[in-house]
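The primary structure of each chain is shown beneath.
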Amino acid sequence: GAVVSQHPSRVICKSGTSVKIECRSLDFQATTMFWYRQFPKQSLMLMATSNEGSKATYEQGVEKDKFLINHASLTLSTLTVTSAHPEDSSFYICSAGGGFDPGELFFGEGSRLTVL
Amino acid sequence: DQQVKQNSPSLSVQEGRISILNCDYTNSMFDYFLWYKKYPAEGPTFLISISSIKDKNEDGRFTVFLNKSAKHLSLHIVPSQPGDSAVYFCAASASGGGSNYKLTFGKGTLLTVNP
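Heads up: the sequence lines are chains A and B, in that order.
54 is the number that my numbering gives to position 54 of the first sequence; each next residue is one higher, with no gaps.
153 is the number that my numbering gives to position 37 of the second sequence; each next residue is one higher, with no gaps.
By construction, these hints were calculated from the structure, which means they are not laboratory data.
Do not take every clue at face value.
[To be verified] Which stretches of chain A does chain B cover? Using the computed rule of at least three CB atoms under 8 Å from a CB of chain B, they are:
1) 34–42
2) 75–81
3) 105–115
[Stated by the list, open to error] Computed Cβ-Cβ distance ranges for the label pairs, DEER-style:
4) A/A72 to B/Q130: 33 to 39 Å
5) B/K172 to A/G61: 35 to 41 Å
6) A/V3 to B/M145: 38 to 44 Å
7) B/N143 to A/N51: 36 to 42 Å
[Stated by the list, open to error] Below, in silico cross-link-like pairs of lysine-lysine (DSS-like), each with a Cα-Cα straight-line distance of 30 Å or less:
8) A/K66 to B/K184
9) B/K121 to A/K41
10) B/K184 to A/K20
11) B/K218 to B/K121
12) A/K66 to B/K121
13) B/K172 to A/K55
14) B/K218 to A/K41
15) A/K20 to B/K187
16) B/K218 to A/K20
17) A/K66 to B/K172
18) B/K184 to B/K218
19) A/K64 to B/K223
20) A/K64 to B/K172
21) A/K64 to B/K218
22) B/K223 to A/K55
23) A/K64 to B/K184
24) B/K218 to A/K66
25) B/K223 to A/K20
26) A/K41 to B/K154
27) A/K55 to B/K218
28) B/K154 to A/K64
29) A/K41 to B/K172
Ideal Cβ placement from N, Cα and C applies to all residues, glycine included.
Okay, chain B solo, but in the shape it has when bound (with noise of 0.2 Å):
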């Protein structure tokens, strides 16, 4: 039973344009939200995070939008650039916070950003 949801496995958009790539998930135990963006032969680097007790984060050309109710979270990137072509992981996490937790995992979603 997948806990985090990441419905679409691609996502093309041109450059300039808004990137928005969502994630559901289906633990209420889940109070903390990450975002990573793996290359390939890399492993996945941290992007930006959200607590459950915002709505709304944001850094640089990344925004992350949290709604609770609906079990939905979302990343905008605005404006898409070629470089930000990766596969993009949700994770979630019930600890509270620290690094010593247990991530779960979304499938990923294979983003192309073409020139």
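Next up, chain A with everything else stripped away, as it sits in the complex (with noise of 0.2 Å):
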């Protein structure tokens, strides 16, 4: 079946540096890619949907320029993270979607960020 592929599944750095995490759509191509967070014990929680070719749309209360996404191919999109602080250790997942059925969205392996 369709496969979601996101990079690093785990990823260390200092304070104040950026981290960059790549979600591939493996066997479809999505015009639409959803990013997430979840803190421990809490919910997926959507940050941004990410549209191929145009800005990504924020969710309320997400900072749009510490985290950047681009979406620049049908098979492609980034998260980065800029100017990490501890706060923003989390666990962070895409979902892309290659059909109109709701249960052809397809997770990732998702991305365990620690910022020390």
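Both chains are given apart, each in its own frame, so use the hints to dock them into the complex.
Here it is in structure tokens:
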């Protein structure tokens, strides 16, 4: 079946540095991808909707200048956490859909970010 | 304000018995509901869904029930198997369908099926 791949699965960085996370749809084209964040024992919270060829749509309370999203092609969206701080440490996960059926929304494996 | 609530963080059942996972929602605009299953170190995978025009959807061992008046849905797994042990997320959407829509998730319930 369709697969969404996310990289890296784990990243540790120093405070103040930027980290890029990639989300790829491997065998289908995704005009829209979604980025979520999950804190421990919390639900997946939608951060932004990534639209191919246009600007991302951010949810309320998510800083667009801090979480840069680029959806340059139909198979790749990237999330860059700029000037990361320890409070940005979290589990980030993307999803993408290849068809009309809501059940065809596939998730990446997630990326665990730890900011020291 | 949590619009999708899974009030039980964990559930433990015996193999062969029924597992019932519950989910409540507050947003009356939600019209599509999904259950996802998540194993450690993997992304959530779609399990089963239900539209607000139905009150039940069945797929093999999995059945989802929707009570719109109570804004409540539940996932029944019968019979439960040890491989069902995972975190189950309830999710809802207000878009009316399509894959290009936003999901609101609950916190998840960790199901443990004991052999």
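**Asked** Out of the numbered hints, which ones does the structure contradict?
**Response** 2, 4, 6, 7, 8, 10, 13, 15, 17, 20, 23
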